[in-house]
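Based on the provided sequences and hints, a complete structural model is requested.
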Amino acid sequence: MGKRKRRKYYNGPDLTSDVELYPGDIFELTVDKITESGEGITYIDNNIPIHIFGAITGEKLRVKVLRKYPEKFICSIEEILSASNYRKLPECEYFGKCTGCQWQHIDYKFQLKLKKIRLENEIKNYKNISHIDISETIPSNKKFNYRNHARFTAFREDNNTNLGYVNMYSRKFVKIDKCMIMNGKINNFLGNIQNKLSDVTQVSIRTAINNDSYIIQPKLDLDSSGIFSGQKYYDEKIRNTNFRVAGASFFQVNVEQLSNAVDEIKEFLQLSGDEIIVDAYSGVGVFSILLSSYVKHVYGIEESYSAIEDAKYNAKNIKNIEFIMGKTEDVLLNWNKDIDYLLLDPPRIGCHKNVLEAVRKLKPRKIIILSCEPEFFARDLSILCENNLFNVKKIIPLDMFPQTKHTEIIAYLSLNEQDL
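Numbering of the sequence shown is given in our numbering, commencing with residue 14 and proceeding in unit increments.
These aren't lab readings, by the way, just hints derived from the structure by calculation.
No false leads were mixed into what you were given.
Below, a list of computed lysine to any residue pairs in the SDA-like style, where the Cα atoms sit at most 25 Å apart:
{"#": "1", "residue 1": "K137", "residue 2": "E388"}
{"#": "2", "residue 1": "K191", "residue 2": "Q244"}
{"#": "3", "residue 1": "K77", "residue 2": "D27"}
{"#": "4", "residue 1": "K110", "residue 2": "T48"}
{"#": "5", "residue 1": "K379", "residue 2": "S272"}
{"#": "6", "residue 1": "K309", "residue 2": "V344"}
{"#": "7", "residue 1": "K379", "residue 2": "L282"}
{"#": "8", "residue 1": "K110", "residue 2": "F186"}
{"#": "9", "residue 1": "K340", "residue 2": "I396"}
{"#": "10", "residue 1": "K418", "residue 2": "S143"}
{"#": "11", "residue 1": "K191", "residue 2": "S242"}
{"#": "12", "residue 1": "K156", "residue 2": "L383"}
{"#": "13", "residue 1": "K418", "residue 2": "L102"}
{"#": "14", "residue 1": "K279", "residue 2": "Y307"}
{"#": "15", "residue 1": "K418", "residue 2": "I222"}
{"#": "16", "residue 1": "K46", "residue 2": "I93"}
{"#": "17", "residue 1": "K376", "residue 2": "G286"}
{"#": "18", "residue 1": "K376", "residue 2": "L282"}
{"#": "19", "residue 1": "K137", "residue 2": "G71"}
{"#": "20", "residue 1": "K188", "residue 2": "L235"}
{"#": "21", "residue 1": "K198", "residue 2": "S242"}
Quick list of the computed label-pair ranges, beta carbon to beta carbon:
{"#": "22", "residue 1": "Y318", "residue 2": "N349", "range": "20 to 30 Å"}
{"#": "23", "residue 1": "P231", "residue 2": "N60", "range": "43 to 53 Å"}
{"#": "24", "residue 1": "G197", "residue 2": "I130", "range": "28 to 38 Å"}
{"#": "25", "residue 1": "D287", "residue 2": "G197", "range": "42 to 52 Å"}
Beta carbons are placed, not taken as given, at the ideal position from N, Cα and C, and that holds for glycine.
Next comes the structure, spelled out in structure tokens:
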């Protein structure tokens with residue numbers, strides 16, 4: 014079984030010790046709202062939270078206590094007494110068992126609304142940006158079978174090694190023969206290697222959407238099946254451009270929505286061919302390369318060795334790109350060249366404080382922020398916009414991850430005219 018994730022440490026007061034509820038108890042409740050974790054939530058006895066997987070705002074439920082923590086209860090649905098109009102039947106037989114998807118039971122249009130609401134709630138936490146309107150969430154054309162990357166847990170039982178996921182609540186292994194958010198090629202590989210493995214703890218499968226390239230890692234004993242594994246790279250195509258991606262390099266899981274993001278960014282920037290762009294956290298060079306033919310020069314900054322090597326390989330025939338290996342916070346703090354436009358695509362935890370400090374000093378005319386975590390996106394946006402240094406032109410949620418609580422965000426900022 015995969016390594017257990019540690020629960021976030023809680024050091025506040027014990028809220029639940031005096032509440033006469035224990036694992037196995039069953040009671041009725043009405044769901045107050047859906048939280049940032051994707052669960053339904055309601056409150057009892059002086060705001061003690063009850064979290065319920067698979068619940069929707071307004072529903073009346075009979076639930077069972079699964080876990081009692083000092084700060085909250087975790088419950089499962091035993092019976093739906095009054096269902097939401099947004100509830101639908103999940104299409105996956107494993108929904109609720111593997112917990113990889115949180116929202117298959119929710120109508121897709123309402124999923125999009127929930128993602129916008131989550132972002133609005135985070136923005137409202139900061140006075141200087143609380144007035145900003147959020148655009149409607151851009152839907153994904155593919156509601157299922159969109160992911161190009163799966164990481165399965167391997168679990169050995171009765172002399173068989175099965176692949177699947179670990180339930181986030183029970184920590185029990187769930188064998189999966191088909192994952193509905195993975196593309197069909199991943200599911201084909203899964204079906205062909207299920208029960209044929211030994212001595213592994215995880216298996217990663219990455220398959221290109223627009224060609225037959227793939228990686229299966231680690232190296233497995235699959236020669237008799239005709240399936241190769243242990244590859245170093247695979248190739249993906251975005252807007253008719255090929256990108257080599259190493260096994261250790263990050264790449265977006267929804268290629269179609271990534272392509273849409275590229276188009277959105279090009280439209281906002283209105284490039285004339287004279288601009289200098291810095292692509293911070295540039296990865297394998299997707300944005301740098303796809304924007305390079307429209308600008309004077311692109312600098313890509315990336316700290317991952319595998320990603321920077323991929324980026325250099327992908328840009329080997331492009332003369333106006335330079336990739337710099339290093340932490341973005343270190344590189345930008347010592348930057349001494351002009352920047353017209355800046356692209357920030359940080360990891361989930363957002364930008365290092367030194368990145369935000371450097372950006373405010375460098376004052377690029379336009380900034381694009383991409384983020385997959387609304388909480389840290391709002392924090393970073395508020396810092397950048399302090400004292401009205403930058404104006405927010407648009408914030409767009411982009412549904413990169415249908416059937417889940419996660420979303421991608423694109424924000425467009427411009428330097429205040431008085432600071433030009």
